[in-house]
Amino acid sequence: MIGIGATLFKVPTMHGGAAFSPASLFSSGEEGAWYDPSDLSTLFQNSNGTTAVAVGDPVGYMADKSGNGNHAIQATSIKRPTLQQDGSLYFLQFDGANDCLATSAIDFTGGDSMTVSAGLTRDDLNTSVVAELSATVTGNTGSFRLAAISTASGQFRYQSRGDGSAQQANASPFGTGKNVLTGVSDISSQVCTIRVDGTVEGTDTDSQGAGNYGNHPLNIGSRNNGASIPLNGDIYGLIVRGATSSAGELSNLEAYLAKKSGVTL
Amino acid sequence: MNTYATIIVANKNRAAAKSLIGNGFFDLEAKKGLRKYWVSSGHFKTEEYDAIFDSGLAFYIDTEKKFADVLADKGLVRVIIEEE
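Taken in order, these protein sequences are the chains called A and B.
For the first sequence, the working numbering gives the first residue as 1, with consecutive numbering after it.
For the second sequence, the working numbering gives the first residue as 1001, with consecutive numbering after it.
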């Protein structure tokens, strides 16, 4: 028997991506990774996946929730970011010195399109890596980088390359603060687009060369496992998908990351 | 256990500090005028932190502020190889 107030006729709501799970972006076997610092069951202090974390602890292991097994680790203790909390939000704090999490090589050789999206805070305007496939996008074919650039007072940049030179799409200076940053690229279609807070900020249509993305490690929060251009800021979530994404998927993805990072789109 | 700290050593003490706790430390260069310093910042294992603290090799140790704020407080400028 159903009484007054029961939920028989309740319609599921999808405002702000509430019913969306990033898992759906990988349901067709897409290569990639999904990192969610708010899911403490995926975080560990040690790079071998041991010792649970609490707020204020170093994070040496962040499990990939995409199902692809591309877990990000940091074996060196002083390079580990710190789990922090702000109200209901959880994030990894990168100290701007040399914090970095990196995966083993991810095999993106099966495709030439990519979607990269992160919720982040920048505490300064220095050049810094949010996510970079390979040790450096300028030195490796089949790679990408989502970053901030100091020379343009805090410009965001997404770079992508096949076997040619890296092409870049820039977003006007946003200053310090919190944003949802997305790069979308397709090597053969000559598209390299950057989006900030759900809005397309720039698209580069020059040739990136030919070929697919490569089999490279993914570096998070710094270049080449902490060697240079470290992020002084926070990451609330990061999703890398070896595919372009539809307008609906991008909308849901960015709404999800906005909710995770406290950004109003 | 870990201790979050930013530890600065003078150039003359760098080799000894590395020898004490490991080669992976004190690779971030900073300058104050002509003086050169080397910095490590992050989660030190407690035994690493204690060893440096007790050794007297450190120029400065901070366990509360962020890396950039510590450098600013000490008037140090990080040496950065420009990359885009």
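Quick caveat, the hints were computed from the structure, so don't treat them as lab data.
Be aware that one or more of the hints could be misleading.
To be verified - Every beta carbon over 12 Å from chain B, so not counted as near; a handful from chain A, in silico:
# : residue
1 : A23
2 : N98
3 : D99
4 : G175
5 : V196
6 : G211
7 : E249
As the list claims (entries may be wrong) - Just the calculated beta-carbon pair ranges, DEER-fashion:
#  : chain 1 : residue 1 : chain 2 : residue 2 : range
8  : B       : I1081     : A       : G67       : 45 to 51 Å
9  : A       : S28       : B       : A1010     : 46 to 52 Å
10 : A       : G248      : B       : Y1060     : 39 to 45 Å
11 : A       : S188      : B       : M1001     : 32 to 38 Å
12 : A       : D39       : B       : K1036     : 39 to 45 Å
13 : B       : K1032     : A       : D107      : 43 to 49 Å
14 : B       : K1032     : A       : T109      : 34 to 40 Å
15 : B       : Y1060     : A       : G110      : 47 to 53 Å
Just so you know, even glycine gets a beta-carbon here, dropped at the ideal spot from N, CA and C.
Taking the beta carbons of Y1060 of chain B and G110 of chain A, is their distance inside 47 to 53 Å? 50 Å, holds
Between G248 of chain A and Y1060 of chain B, does the C-beta distance stay in 39 to 45 Å? 53 Å, violated
E249 of chain A and chain B, when compared Cβ to Cβ, separated by more than 12 Å: Non-interface label stands for E249 of chain A: nearest chain B Cβ at 30 Å, farther than 12 Å.
Are D39 of chain A and K1036 of chain B spaced within 39 to 45 Å by their CB atoms? 43 Å, holds
Distance restraint evaluation - S188 of chain A, M1001 of chain B, Cβ atoms, bounds 32 to 38 Å: 51 Å, violated
For A23 of chain A, is the shortest beta carbon distance to chain B beyond 12 Å? Given that every Cβ of chain B is farther than 12 Å from that of A23 of chain A, nearest at about 31 Å, it holds.
Go ahead and decide if the range 34 to 40 Å is satisfied by the Cβ distance of K1032 of chain B to T109 of chain A. 48 Å, violated
For the hint 43 to 49 Å, verify it against the beta carbon of K1032 of chain B and that of D107 of chain A. 46 Å, holds
Is the claim that N98 of chain A lies outside the interface with chain B correct, judged by CB distances over 12 Å? 7 Å, violated
Verdict on D99 of chain A as a residue remote from chain B, using beta-carbon distances over 12 Å: 7 Å, violated
So G175 of chain A supposedly isn't at the interface. Is its beta-carbon more than 12 Å from every beta-carbon in chain B? Its Cβ never comes within 12 Å of chain B, the nearest being 16 Å, so this holds.
Is 45 to 51 Å right for how far apart the beta carbons of I1081 of chain B and G67 of chain A are? 38 Å Cβ-Cβ, so the 45 to 51 Å window is violated.
Consistency with the previously given hints fails for numbers 2, 3, 8, 9, 10, 11 and 14, ordered from lowest to highest.
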